[in-house]
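Number of protein chains: 4
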Amino acid sequence: MCRWAAYRGQPIYLEELVTSPAHSLIEQSHCATRAKTATNADGFGIAWYGDRPEPGRFRDVLPAWSDCNLKSMARQIRSRLFLAHVRAATHGSTRRDNCHPFVCDTWSFMHNGQIDHFDRLRRSMESMLDDGHFNARVGTTDSELLFLLALQFGMRERPLAAMAEAIGFVEQLSINLTGSVKVRFTAAFSDGHTLYAVRYATDAYAPTLFAAPMGEGGHCLVSEPLNDDTDAWMEIPAGSAVTLSEKGIEVTRFQPSVDGAAVMKPALAS
Amino acid sequence: MCRWAAYRGQPIYLEELVTSPAHSLIEQSHCATRAKTATNADGFGIAWYGDRPEPGRFRDVLPAWSDCNLKSMARQIRSRLFLAHVRAATHGSTRRDNCHPFVCDTWSFMHNGQIDHFDRLRRSMESMLDDGHFNARVGTTDSELLFLLALQFGMRERPLAAMAEAIGFVEQLSINLTGSVKVRFTAAFSDGHTLYAVRYATDAYAPTLFAAPMGEGGHCLVSEPLNDDTDAWMEIPAGSAVTLSEKGIEVTRFQPSVDGAAVMKPALAS
Amino acid sequence: MCRWAAYRGQPIYLEELVTSPAHSLIEQSHCATRAKTATNADGFGIAWYGDRPEPGRFRDVLPAWSDCNLKSMARQIRSRLFLAHVRAATHGSTRRDNCHPFVCDTWSFMHNGQIDHFDRLRRSMESMLDDGHFNARVGTTDSELLFLLALQFGMRERPLAAMAEAIGFVEQLSINLTGSVKVRFTAAFSDGHTLYAVRYATDAYAPTLFAAPMGEGGHCLVSEPLNDDTDAWMEIPAGSAVTLSEKGIEVTRFQPSVDGAAVMKPALAS
Amino acid sequence: MCRWAAYRGQPIYLEELVTSPAHSLIEQSHCATRAKTATNADGFGIAWYGDRPEPGRFRDVLPAWSDCNLKSMARQIRSRLFLAHVRAATHGSTRRDNCHPFVCDTWSFMHNGQIDHFDRLRRSMESMLDDGHFNARVGTTDSELLFLLALQFGMRERPLAAMAEAIGFVEQLSINLTGSVKVRFTAAFSDGHTLYAVRYATDAYAPTLFAAPMGEGGHCLVSEPLNDDTDAWMEIPAGSAVTLSEKGIEVTRFQPSVDGAAVMKPALAS
Chain A
477 MCRWAAYRGQ PIYLEELVTS PAHSLIEQSH CATRAKTATN ADGFGIAWYG
527 DRPEPGRFRD VLPAWSDCNL KSMARQIRSR LFLAHVRAAT HGSTRRDNCH
577 PFVCDTWSFM HNGQIDHFDR LRRSMESMLD DGHFNARVGT TDSELLFLLA
627 LQFGMRERPL AAMAEAIGFV EQLSINLTGS VKVRFTAAFS DGHTLYAVRY
677 ATDAYAPTLF AAPMGEGGHC LVSEPLNDDT DAWMEIPAGS AVTLSEKGIE
727 VTRFQPSVDG AAVMKPALAS
Chain B
477 MCRWAAYRGQ PIYLEELVTS PAHSLIEQSH CATRAKTATN ADGFGIAWYG
527 DRPEPGRFRD VLPAWSDCNL KSMARQIRSR LFLAHVRAAT HGSTRRDNCH
577 PFVCDTWSFM HNGQIDHFDR LRRSMESMLD DGHFNARVGT TDSELLFLLA
627 LQFGMRERPL AAMAEAIGFV EQLSINLTGS VKVRFTAAFS DGHTLYAVRY
677 ATDAYAPTLF AAPMGEGGHC LVSEPLNDDT DAWMEIPAGS AVTLSEKGIE
727 VTRFQPSVDG AAVMKPALAS
Chain C
477 MCRWAAYRGQ PIYLEELVTS PAHSLIEQSH CATRAKTATN ADGFGIAWYG
527 DRPEPGRFRD VLPAWSDCNL KSMARQIRSR LFLAHVRAAT HGSTRRDNCH
577 PFVCDTWSFM HNGQIDHFDR LRRSMESMLD DGHFNARVGT TDSELLFLLA
627 LQFGMRERPL AAMAEAIGFV EQLSINLTGS VKVRFTAAFS DGHTLYAVRY
677 ATDAYAPTLF AAPMGEGGHC LVSEPLNDDT DAWMEIPAGS AVTLSEKGIE
727 VTRFQPSVDG AAVMKPALAS
Chain D
477 MCRWAAYRGQ PIYLEELVTS PAHSLIEQSH CATRAKTATN ADGFGIAWYG
527 DRPEPGRFRD VLPAWSDCNL KSMARQIRSR LFLAHVRAAT HGSTRRDNCH
577 PFVCDTWSFM HNGQIDHFDR LRRSMESMLD DGHFNARVGT TDSELLFLLA
627 LQFGMRERPL AAMAEAIGFV EQLSINLTGS VKVRFTAAFS DGHTLYAVRY
677 ATDAYAPTLF AAPMGEGGHC LVSEPLNDDT DAWMEIPAGS AVTLSEKGIE
727 VTRFQPSVDG AAVMKPALAS
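Residue numbers (my numbering), protein chains in the order written: chain A, 477 to 746; chain B, 477 to 746; chain C, 477 to 746; chain D, 477 to 746.
If you're looking for bench data, these hints aren't it; they were derived computationally from the structure. Quantities reported herein were computed from a predicted structural model and do not represent experimental measurements. Treat each hint with caution, since some may be false.
The list cannot tell twin chains apart, which means a pair is met if one copy fits it or any two copies do.
[Unchecked claim] DMTMM-like cross-link-like pairs, simulated, lysine to aspartate or glutamate; straight-line CA separation at most 25 Å:
#: 1; residue 1: 658; residue 2: 607
#: 2; residue 1: 547; residue 2: 530
#: 3; residue 1: 547; residue 2: 595
#: 4; residue 1: 723; residue 2: 667
#: 5; residue 1: 547; residue 2: 527
#: 6; residue 1: 723; residue 2: 492
#: 7; residue 1: 547; residue 2: 700
#: 8; residue 1: 547; residue 2: 536
#: 9; residue 1: 723; residue 2: 711
#: 10; residue 1: 658; residue 2: 726
#: 11; residue 1: 547; residue 2: 707
#: 12; residue 1: 547; residue 2: 633
#: 13; residue 1: 723; residue 2: 692
#: 14; residue 1: 658; residue 2: 536
#: 15; residue 1: 723; residue 2: 595
#: 16; residue 1: 658; residue 2: 602
#: 17; residue 1: 658; residue 2: 705
So here's chain A without its partners, still in its complex pose (with noise of 0.2 Å):
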């Protein structure tokens, strides 16, 4: 399990969801107190978008707290909308390569959950992507798989609906595959402009989300609170997906789905 935290809204110090508030994205990483495991200690990653069309990243494999390139930069850089996650590995080792987030020319990606049963999937889920998806594969983790599977399933042009497909292929592919399925995904991503957040599991215990108003029209969307004013902060229920855009924020529901034709058609078919 891993802590994250994203924001949407005018330019902020990205130090205003990393290390100023009171429980912190990197307070989290040694005293998260909703999550599996308290310490996130498996390196850390920041993907914030500017100028550019492409957001720019900074991950490392350090703990978040000792990282002191990262506290400066927090510190001196500020964006309309940026993800911030601090990891607590469960597949894939420790290397900047498997660090969240993950990017895929102006798409973004973080994601705190998991697979079970992922290293008999991972396979078969490679063998659904087309050479540019695959390619652009570089570590060993679900997350970044998930990612690359939306993304070849449409997220460019549907995200909620490719990540839905996504999910669901994977559900079906487990319990082709193993017989049984239990994923636990609770992830956001964005393409620069809209930020898009998933909280869903097969089971009771879909990692929390929380989402937050912040700054002028802004909002943040949390794996816990940042600070004690339980008033402010409003938990997402499981199976749902959220949409931070110019419209402010929408949530909505949120279950796999399984679109027949891109399921039917392979890359590695094609």
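Take the given structure of chain A and dock chains B, C and D to it, following the hints.
Relative to the frame of chain A, chains B, C and D by itself:
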């Protein structure tokens, strides 16, 4: 606060302390039970004695639990005397040069504890070192400086006496410069033949220290027992020094002393 | 291009290849004289065989010349058979998982060379691996994949024949998929008993390989001679395989082969 | 010897010095043409001024050419005044704390050069620092110590004069303690408003320094020209100081001075 383990006896694989036991040192790096901090993820280090007079040393800044090199080395290397440490930083940033054990020619040293107001004492402590020991300092921790101070005070000839003088000097200095004193010090050190340890504090909270027989005639010293076999582990009382040599284990009283000659002749005045 | 050195014989300290000689492997990490690139600073690694069937391994991403751990280990560890490598990255980012030697159970492998158009061949190469070898892949280099391919093709039983088939398969694949082929391959590999090396290229530029006697009845194999004693070093001609075993050194002809059975039965079809 | 580049003017992306030019700073990290060492792979760092009085800073120990974070940041971050450095270590191990630029409150400093016999001068240099500057020292390089010495000598009020006094003090010290003196010093430093640089040596080998206009009314200062447009680059002669401010570029004479008052009142005596 940190966690450490040390061994002297017939050669054993490092893993018998570091990775294999139920509550191994790596386990303690994320789930210490008797420490102020459960997480000791600010680096680790091992010093082991083999065929050469000086020890080998391997240190790194990742959490011990995620370092593949450590696992592989612990499984391959056998040693008759070694020190192993996982760090939770108090003074000094997370970098290799601040990871224990510290080594100076044939001597090695590692420490769990702290000196209050170290920032105000550091300069005067350093001024006691002669040029050789001063130039040997590469990090910024209180621990390394205590080690060099003990070497300066005669550790090579009178290990426990010199350590008692080093602690005594620091305590006197703290009273003089800050009007108060708090030192907690549970440390192990060795010349490659004899293994020494000390458990001491100016208050009632001396960091824990346990001893147990291991292998054929060998012993280990640890911050926390490596398993639940409570009969096997002897808690070393505060105010004690432990000496492991060919004669077996010896526990004696330890209290700081002020050796007039050493303190009167600061290095800079010579 | 990279630089490497390997040894088989009576146990010697790693430093006798890695740090001590006038033109040691560390020296070659910044001043290689017979390589396309003089600087080999994208990480390093050592695999050494001791008392266990599987090798120990130590890899890191810093330039070899600045890593204190490497120096200390090379000075302490003695081994009867070891492989040491400094990397100049061609394919794959700078991270531990991409540093040679690669290890799979008792086998180790390191490589200097390259496969042209690897990005277009990679996926088909991976598709030849059965699930066990596929899941053993953790990095993104062509070298690791060649190693796994050779293991898949029977390296454990027929080391040189399987390697010849792996190279032959890649060459055929390159012709099929890209219309051309360029492979340069100077590699060492071992099961902990016998040390094998190959020098081969599809063009006239097979990376150099030299052999010399070392210690009592031992031999070393290196990318570049470790000193100026030109009489001591035998250049291994391109298109050769070297076998170091209890019988001494044997140099035989090496050329890629296409073993019909292996190629006809891709793992995914089984 | 190291390589560096600095800029003052209208905000530009860091990449315009660091990664984009034909002979960018990253290019110089492996192929410097005017340095004693072609390879500058012992870490890198950037200090940039944005909306806050103190600079942001990003440093790491990998070769600059292989660090993905550096590439991404250089592409995203725009700054009106920044310093960038790639290191070839002379004094001090490879670790972040020894990477330039050094920062103290709003000031930043980076250096290419060396002080002969630094090991014998270091302690006396440190003894000139008051407690605040002494405690600000975290690394072991001569460069950081020169910076702190200049701050101690009044850099905040009289930047070039204080630097001249710091160099003068070190030269005098070297003559007194070692009977000889050799200092090579090409450095840049800034308070976030004005950018200063010095090219100086006690012998005929002052490390090179070039200046060129860049962007609208801006200038850059570099160890080596960033491209082959020889007309654009002005070589700054040895024994010079450069001041880049709102008034444009000013080159004046620089020679070390001994300010009696500063040298007579060592910090420890006060």
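Here's how the hints hold up against the structure:
1. 658 with 607: Only across copies: residue 658 and residue 607 sit 22 Å apart there, 28 Å inside one copy, limit 25 Å.
2. 547 with 530: both (22 Å within a copy, 13 Å between copies)
3. 547 with 595: This pair counts as between: shortest inter-copy Cα distance 22 Å, intra-copy 35 Å.
4. 723 with 667: For residue 723 and residue 667, only the intra-copy Cα distance (16 Å) is at most 25 Å; the inter-copy one is 43 Å.
5. 547 with 527: both (22 Å within a copy, 16 Å between copies)
6. 723 with 492: within (23 Å within a copy, 37 Å between copies)
7. 547 with 700: within (20 Å within a copy, 32 Å between copies)
8. 547 with 536: both (12 Å within a copy, 14 Å between copies)
9. 723 with 711: Answer is within; shortest intra-copy Cα gap is 20 Å, inter-copy 56 Å.
10. 658 with 726: Neither: 27 Å inside a copy, 55 Å across copies.
11. 547 with 707: Neither, since 29 Å and 41 Å both go past 25 Å.
12. 547 with 633: The answer is neither: 35 Å in one copy and 29 Å across copies each exceed 25 Å.
13. 723 with 692: within (13 Å within a copy, 39 Å between copies)
14. 658 with 536: neither (29 Å within a copy, 36 Å between copies)
15. 723 with 595: neither (40 Å within a copy, 42 Å between copies)
16. 658 with 602: within (19 Å within a copy, 28 Å between copies)
17. 658 with 705: neither (33 Å within a copy, 37 Å between copies)
Hints 10, 11, 12, 14, 15, 17, counting from the list given before, are not met by this structure.
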